[in-house]
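Peer 1: Please model the entire structure based on the sequences and the hints provided.
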Amino acid sequence: MKSPLADAERDRLIAAMLPDVPFDGWSQHALRVAAERIGVPVAEARALFPRGAIDIVAAFSRWADRQMLDRVEAAPPEPLSLSRRIARTLRVRFELLLPFREAVRRGMTVLAMPQNAPLGLRL
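Note that the working numbering has the sequence shown beginning at 1, numbered continuously upward.
Some hints here could point you the wrong way.
Derived Cβ-Cβ restraints for the label pairs, each shown as a range [stated by the list, open to error]: (1) R46 with P19: 18 to 28 Å; (2) R84 with P50: 34 to 44 Å; (3) L121 with R101: 15 to 25 Å; (4) M113 with E78: 34 to 44 Å; (5) L98 with A74: 15 to 25 Å.
If you're looking for bench data, these hints aren't it; they were derived computationally from the structure. Glycine residues also receive a C-beta, built at the ideal position from the N, C-alpha and C atoms.
Peer 2: Below, the structure written as structure tokens:
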């Protein structure tokens, strides 16, 4: 399901899942708990992530991308070389994900599975 509304709903579900991911991983159980927590029907939540954990991890990566870009664009412009702009952007990404280290680790275990390697390379 590709639409701005679906993306917003995915973002809400990802944010609601983050406290549970260190314990439950990017699982259907964590998705169900998050959906119930924010009042989204479980069937709708599952429809947003039809392939399960791999779709949830991909959505988490896209969520982190958007958060990173928002923070970089909100920063005052500085005359930096390309390599310094890249370094600053990566630093923002790492700082953004620091509180979610276990969620990132759990996501990497999903992406490390051979059948998920192509997606892992694109994210």
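Peer 1: Hint by hint, note whether the structure agrees.
Peer 2: Taking the hints in turn, this is what the structure says about them:
For the hinted restraint 18 to 28 Å between R46 and P19, the CB-CB distance of approximately 20 Å keeps it satisfied. Remark: the range hint 34 to 44 Å for R84 to P50 is upheld by a beta-carbon distance near 41 Å. Range check, L121 to R101: about 22 Å between beta-carbon atoms, so the 15 to 25 Å window is met. In this structure the supplied range 34 to 44 Å holds for M113 paired with E78, their Cβ-Cβ distance being about 40 Å.
In this structure the hint that L98 and A74 lie 15 to 25 Å apart at CB holds, the actual value being about 18 Å.
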